[in-house]
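Read off the chains here:
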Amino acid sequence: MHIMEGFLPSPWWQFWWLVSLPFLAMGMYQLRKTVRERREALPLLAVAGAFVFVLSSLKLPSVTGSCSHPTGTGLSAVLFGGFITSVLALIVLIYQALLLAHGGITTMGANVFSMGVAGPLVAWALYRAGKQVNLNTFINVFIAAFVADLFTYVVTSFQLALAFPAAEGGLLSSFAAFMAIFALTQIPLAVVEGVIVALTFKYIIDVRPDILVKLDVLTQNTLNRLKEAAS
Amino acid sequence: MKYKAEIIAGIVIVVFVAIFLITNMSVQKSLGEGEESWAGADAQAEEFISESGYEPWFSPLWEPPSGEIESLFFSLQAAIGALIIGYFFGYYGAKRQKAAD
Chain W
1 MHIMEGFLPS PWWQFWWLVS LPFLAMGMYQ LRKTVRERRE ALPLLAVAGA FVFVLSSLKL
61 PSVTGSCSHP TGTGLSAVLF GGFITSVLAL IVLIYQALLL AHGGITTMGA NVFSMGVAGP
121 LVAWALYRAG KQVNLNTFIN VFIAAFVADL FTYVVTSFQL ALAFPAAEGG LLSSFAAFMA
181 IFALTQIPLA VVEGVIVALT FKYIIDVRPD ILVKLDVLTQ NTLNRLKEAA S
Chain L
1 MKYKAEIIAG IVIVVFVAIF LITNMSVQKS LGEGEESWAG ADAQAEEFIS ESGYEPWFSP
61 LWEPPSGEIE SLFFSLQAAI GALIIGYFFG YYGAKRQKAA D
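Chains as they are written, first to last, in my numbering: chain W, 1 to 231; chain L, 1 to 101.
Certain hints may be false.
Incomplete in silico selection of chain W near chain L, CB under 7 Å [claimed, not checked]:
1) M4
2) E5
3) P43
4) V47
5) F53
6) P61
7) V63
8) S66
9) L99
10) L100
11) A101
12) F164
13) I181
14) F182
15) V195
16) V207
The hints are simulated quantities; they were obtained by calculation from the structure and are not laboratory data. Backbone N, C-alpha and C fix where the C-beta goes; we use that ideal spot for every residue, glycine too.
Starting from the given sequences, assemble the full structure and let the hints guide the process.
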């Protein structure tokens, strides 16, 4: 989903930086609060960040004859919400922009918005809604991670379409063209990512269920039910 | 069932690989001499935009000078992440086992 360096003309790159900044500021604030008040959750934060690192480094072949990578933001979105996830995404995007020439400094605002804000926020909202209606936890996590991944690419397509509307057919035809490049490729990858995140979630439940309850990711009732089912 | 999630994940990955292998056969057949397939979607978008005559107005400060060095940094990125994940899961797992003893 990286928009390459220099590939967003003015005023779009400034615009997306401005849109992303408040989310990043909120993320930094929440991060500081977590570091101070929820020290026991810090290892989980590191794991969530590391997860974004690993998954976004893997370029996987997809059905359409091209390669793309998962975003890995679903786990962090479920555990810590959209704001903190935007900071984790920023770290990865800086690494890739500076060392790999993937993405760029000027386009980072747009990339943070798609990967760190839009996808994770929708994923987080869906997870919370699923929790309210007592959806099976693993299916819920799968959906959240799937959507965090796929929606990121939908937003990237939209960002590019806004900046490069087609001469004929305008915004919509250009959006369709970018969706064909990005979103279609992404569907199988998003399924794989969803399954892997759900599996990781199972291991977190295994080792530190108490933190999940403290972070309000799971209720004690759900947890007891899951443990019964597992034994 | 205890390993339900693992079995489902295994099946999904096998299906994913099978789809890739089947697609790859038809993709390889339709390729001309010297053409390469399975390029990055990011690069495809870049190409699509460049076709309209757009020139990027800013270029990366540093670019990996070769594909090998690029994959070095990608592997490094994955290794850093995997190290952290492995460390904490190991730490938690051992702690839980000790508490159970």
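How the hints compare with the structure:
The interface hint given for M4 (chain W) holds, since its Cβ lies 5 Å from the closest Cβ of chain L, which is under the 7 Å cut-off. Here the hint on E5 (chain W) is kept, as its CB sits about 5 Å from the closest CB of chain L, short of 7 Å. Taking 7 Å as the C-beta cut-off, the interface hint given for P43 (chain W) holds, the closest approach to chain L being about 5 Å. Against a cut-off of 7 Å between C-beta atoms, the interface hint on V47 (chain W) holds, since the closest Cβ of chain L lies about 5 Å away.
A distance limit of 7 Å between C-beta atoms decides the matter here; for F53 (chain W) the minimum to chain L is near 3 Å, and the interface restraint holds. A hinted interface residue such as P61 (chain W) counts as satisfied when its beta carbon comes closer than 7 Å to some beta carbon of chain L; here the least separation is about 5 Å, so the hint holds. The interface hint given for V63 (chain W) is met, as the beta carbon of that residue sits about 5 Å from the closest beta carbon of chain L, less than 7 Å. This hint holds: S66 (chain W) has a C-beta 5 Å from the nearest C-beta of chain L, less than the 7 Å allowed.
Hint on L99 (chain W) holds. Least Cβ distance to chain L is approximately 5 Å, under the 7 Å limit. Interface hint at L100 (chain W): satisfied, since its Cβ lies 5 Å from the closest Cβ of chain L, which is below the 7 Å cut-off. Nearest Cβ of chain L to the Cβ of A101 (chain W): about 4 Å, under the 7 Å cut. The hint holds. Using the Cβ-Cβ criterion of 7 Å, the hint placing F164 (chain W) at the interface with chain L is satisfied: the shortest such distance is roughly 6 Å.
For I181 (chain W), the shortest C-beta to C-beta distance to chain L is roughly 5 Å, which falls under 7 Å, so the interface hint holds. A hinted interface residue such as F182 (chain W) counts as satisfied when its beta carbon comes closer than 7 Å to some beta carbon of chain L; here the least separation is about 6 Å, so the hint holds. A cut of 7 Å between beta carbons decides the hint on V195 (chain W): the least distance to chain L is about 5 Å, and the hint holds. Given the 7 Å rule on beta carbons, the hint for V207 (chain W) holds: about 4 Å separates it from the nearest Cβ of chain L.
Consistency with the previously given hints is maintained throughout, with no hint failing.
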